[in-house]
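Peer 1: Spelled out from the first residue to the last, the chains are:
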Amino acid sequence: GRYGVFGGKYVPETIMFALEELETAFDEAIQDREFNELFQRELAIYSGRPTPLTKADRLSESNGGASIYLKREDLNHTGAHKINNAIGQALLAVRMGKKKIIAETGAGQHGVAAATVAAKYGLSCKVYMGKEDIRRQALNVFRMKLLGAEVIEVTSGSQTLKDATNEAIREWVAAVEDTFYLIGSAVGPYPYPKMVKQFQQVIGYETESQFKEIQKGKLPDAVVACVGGGSNAIGMFAPFIEKDVPLYGVEAAGMGVETAHHAATLSKGSNGVIHGSLTKLLQTSEGQITEPYSISAGLDYPGIGPEHAYLHETKRVTYEAVTDEEALHALKLLCENEGILCALESAHAVAYSLKLAKEMQKDQHIVVCLSGRGDKDVHTLMEFEEGGE
Amino acid sequence: GRYGVFGGKYVPETIMFALEELETAFDEAIQDREFNELFQRELAIYSGRPTPLTKADRLSESNGGASIYLKREDLNHTGAHKINNAIGQALLAVRMGKKKIIAETGAGQHGVAAATVAAKYGLSCKVYMGKEDIRRQALNVFRMKLLGAEVIEVTSGSQTLKDATNEAIREWVAAVEDTFYLIGSAVGPYPYPKMVKQFQQVIGYETESQFKEIQKGKLPDAVVACVGGGSNAIGMFAPFIEKDVPLYGVEAAGMGVETAHHAATLSKGSNGVIHGSLTKLLQTSEGQITEPYSISAGLDYPGIGPEHAYLHETKRVTYEAVTDEEALHALKLLCENEGILCALESAHAVAYSLKLAKEMQKDQHIVVCLSGRGDKDVHTLMEFEEGGE
Amino acid sequence: MNKRWEVFQHSSDYRFTPYIMAGDPCEEATIELSLALEQCGAHALELGVPYSDPLADGPVIQRAGMRGLAQNMNLEKTVKLVSKLRERGLKIPVIIFTYYNLLLQLGENRFLKLAEDSGVDGVLVPDLPYEESGYLQKMCSEHNLALISLVSPTTREEKLVRLSSEAEGFLYCISSLGVTGIRSEFRAGLDDFLKAAKQNCRVPVLVGFGLSTREQIQQFDGSSDGFIVGSAIVKKIEELESDLLTNREEAIKTFKSYIESLLPVYSR
Amino acid sequence: MNKRWEVFQHSSDYRFTPYIMAGDPCEEATIELSLALEQCGAHALELGVPYSDPLADGPVIQRAGMRGLAQNMNLEKTVKLVSKLRERGLKIPVIIFTYYNLLLQLGENRFLKLAEDSGVDGVLVPDLPYEESGYLQKMCSEHNLALISLVSPTTREEKLVRLSSEAEGFLYCISSLGVTGIRSEFRAGLDDFLKAAKQNCRVPVLVGFGLSTREQIQQFDGSSDGFIVGSAIVKKIEELESDLLTNREEAIKTFKSYIESLLPVYSR
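Residue numbers (my numbering), protein chains in the order written: chain A, 3 to 391; chain B, 3 to 391; chain C, 2 to 269; chain D, 2 to 269.
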């Protein structure tokens, strides 16, 4: 259960048996052709996969340098890559005979995905969400309720994602015998990082075959994805890690990595344990976990998946940080040039790709994971515009 | 340019030449293999087609009777079938050498689709929108502006879709020589109804082949779609009209067809001319067009595409009306049982399918066009819940 | 061709055809405004019918329509209003300017019968282009009404030839693209268009859309046989609205002096 | 095994091990509360360290942690606090209850050296299960510290055998699933679990999580060798917060009589 020194299972003894049970069930499931076919079929028939690989002609031209391709995870059901993993884990829960799922959520995207698969597969669902986030994301709270989920207000700590995750783990410790904890990113105790990668790697494998088809068997010259917990990135990188393809993970620099307001875990964090996993995280010198900041709710997490910490340490992936402002600018450029309103998370990846493309040749190709759509961010964008003017 | 007595070109002389030019260009384009391939490729690579045909297992079971399949137009880029037509017309505009497009919009969905394709293909875009709708749909207005479109406030008449359409036509009359008018539904003067059908019939043809693949060459026992202007319905019905498949169009009964607050054009309207076309419409005995009402902004139109008026008169399609309340109830059932939040428009079709399924056999199959996703309606749903409680 | 059209056709003036909205601001005002216009030298009168969705009209006439609707004016009443105008002595041809949907709801045949009986001379349907007007054209002939044709600078040549040679009453030449309304500039090449329109035309060729000053009007004398003024006059009526309702005599006086200021000296 | 653990081990009492949070509501209060607990008969003391993300704790201890954080209490200061407790005469074993991340940041080796020097007897890391504790286990032995093991009703049998036979200081048996906190009912089959835990255990078996009344505590006498009370005591400290800051003598008196009311008569 390790990625170099990272990973592991730093959880109370009470749930250790459940992690073992989960690992066994997961390992069996992915060996089972029927399960895999079911998973692939649900991705296709329910979520609309494969998602296309769209060439961003006008954006690339106006930017100069390499061509940019967009892997369109924004076209998934519920609007982001999150559903891939939610479907996978829900099918596993059903296979394990669990009737209840719990999930944590920050802005509500994973909560909506979890509530969605719970409705689809007839499971009960509790979503833990910070009080502060419930206030800010009333629409998503309403959606989860429409889907039949119970949204549990978390009033501990800073009342945001980090605390919602703590609270979900607490609930899991209490209800572990009949409850499946559906974690939303490539974080948490082993085997969660492995499992989330497995269920998200469809992004990378589709991209590889689509790109090869367009470019006659070649591989992209660079692959870029944003990193919060890191599930879209690890899914995108999966098939390329062992190949000679430069990979770039893009963190949120918020107001700047030199300020106190960022979520650049790899750039500015240190080794530590969060939510059951040894990884890099943002903390004080004494080990108190600090509140990260990003305009994008999905990157606003003080930790990062342990495999990313490992890929960072081994330098297999280059991790860079992009500010709020750069992300907003990229979001607008993508909107105006391609008619695609991407999520603020994904805009970080787009922003870095634009920089990277300029340093590359015209006949080179960058693939960017467009992890989600930006409909959910329109309120934030409006507030920012009003504030900025 | 007629469907029985319906259709025609009831427009000022100034734009007659443009309709002829358009018809010629359109007829040439659809004869041109390259244009068709380009259109199909853009649908696939940009909008993510084919959209899946999802079997609604839990919904069908809990409802009883026939099985319900959902044609997932909600998974298109920008969240509804609208983009099919917008891509088609934009490609035609480019082919005709036009650099400017104009469009009308009610709640903003077609406006967003038009602004999207304008950005994608490098066209300038003006969207006409009623002042009242601009107030109610601030998020969509912001999205259109992000996409680089100019949103023109319409203060004439009742300041809603009908008046925005009048105003778009007025602008077209003024700028007809270099401007392409991108109409959003299967309405307007000929050749628009024909053109919109052509660009939307991908819905029906995909459905037919997907259904045949699942059901070993059989056709569905019923096909259901909601009808406002009627573009998703005409696109869905297209391949089935000449076949022995019962077709159902579902209008908005609002607060009830017996009240003054509905949009049931076929059930309660009479022959007349609106926006360049002879069709059924809601009007006073003197011919003043009245304001329709529906909880769903996309069905809230006093006219209907002329081909629907014809299919209604010839009884080839059965048109039924569903109230706000029935649609809301169906939306919730679909959410809770399938994890799909559909548009309020589409919920009308779902509601009628649930009724229909109960009268059919367990081994029969209904296909419903899920024309769009419901993210845009969450505010309305919240207001309704609050009002209702 | 009836007597009134004959007078209109044989006039040697640069023909003035004003447009006003029926029922704006009230029926009696419409009558007095019509008579005043004739007194000022109008050669014919276009009488608009209020409509909820006037897609060929600009904001000024849209607002006039709203005022007319508020008075419950409709197509039937507008036609009947022409009877009253005739009773009050109006001699010039009157053209009903109506959107097609209003005609359809009243019934084309019923309308034509009523119009003929009420002393109406012509009909102008801005959203009924030549291609869709076959039946109405035929029926108008039977009822001694001129169906006024509009031609635009965008009208194709062969169609312009046909429309201008078949025109009855007068041929309405649209001076600029767009809806009705006041404009400060006109399209280049307009003279060529008017010349082409006149070439085959057996009836007077009138220019309209956007004319609002004496200078603009005078510029088309020579290239056309007359002119139509709508929005500028309707706007003046809007300004005079409250006086027209409560102090009509004074208002009509002001109105007439406005009309005089508008007309080219030689057309009076 | 050090002297303090020897006394603890050889006691024939039903052993009372209270938990309090360092720095709640201030450092001096923690010292006086610790001494008071010893006076009331505590056989060992668990000293919690404030942490931002205490995922094994319920709301009562979370709030205590917030109060401790507000006092800038941290792991290093907590360890040094034990020196002060020893200076003030505390004789019972003291176990530092800390989340693993705090240990990691201070440095495991640095912590262990400091703990040994400060008179700490054991460490309990609620989020460091057996599988991840190899290194710390080894280092604790080298520094004469007991790494306290927790076992839960969900612990698999073979693991329970291993943990209970290897346990040092005492074996912490979790009485119910979930986080720390006050509970009104306990899990069925708990006695069998405790019996199994005792079977191979060379050290006292203590039961904890959820105990808050004398009745609850007495129910486990016989099946276990002692008990841990955390949330109930911490809640009492919360109630006494302002007195503990400003009128400490009185507060400590109240606290002691609360503790006496809690303890089974025979354990004092």
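Treat each hint with caution, since some may be false.
[Said to hold, decoys possible] Here are the simulated DSBU-like cross-link-like pairs (lysine-lysine), alpha carbons at most 35 Å apart as the crow flies:
no.	chain 1	residue 1	chain 2	residue 2
1	A	K101	D	K257
2	B	K196	A	K57
3	D	K257	D	K92
4	A	K334	B	K357
5	A	K270	D	K160
6	B	K364	A	K100
7	A	K100	B	K57
8	A	K214	A	K100
9	D	K160	D	K92
10	A	K364	B	K196
11	B	K57	B	K102
12	A	K133	D	K196
13	D	K257	A	K100
14	A	K357	B	K364
Please keep in mind that the hints were generated in silico from the structure rather than gathered at the bench.
All of these numbers come straight from a predicted model, not from anything done at the bench.
Peer 1: Hint by hint, say whether it matches the structure.
Peer 2: How the hints compare with the structure:
{"no.": "1", "hint": "A/K101 <-> D/K257", "result": "47 Å, violated"}
{"no.": "2", "hint": "B/K196 <-> A/K57", "result": "30 Å, holds"}
{"no.": "3", "hint": "D/K257 <-> D/K92", "result": "18 Å, holds"}
{"no.": "4", "hint": "A/K334 <-> B/K357", "result": "45 Å, violated"}
{"no.": "5", "hint": "A/K270 <-> D/K160", "result": "39 Å, violated"}
{"no.": "6", "hint": "B/K364 <-> A/K100", "result": "29 Å, holds"}
{"no.": "7", "hint": "A/K100 <-> B/K57", "result": "23 Å, holds"}
{"no.": "8", "hint": "A/K214 <-> A/K100", "result": "40 Å, violated"}
{"no.": "9", "hint": "D/K160 <-> D/K92", "result": "33 Å, holds"}
{"no.": "10", "hint": "A/K364 <-> B/K196", "result": "42 Å, violated"}
{"no.": "11", "hint": "B/K57 <-> B/K102", "result": "41 Å, violated"}
{"no.": "12", "hint": "A/K133 <-> D/K196", "result": "42 Å, violated"}
{"no.": "13", "hint": "D/K257 <-> A/K100", "result": "47 Å, violated"}
{"no.": "14", "hint": "A/K357 <-> B/K364", "result": "58 Å, violated"}
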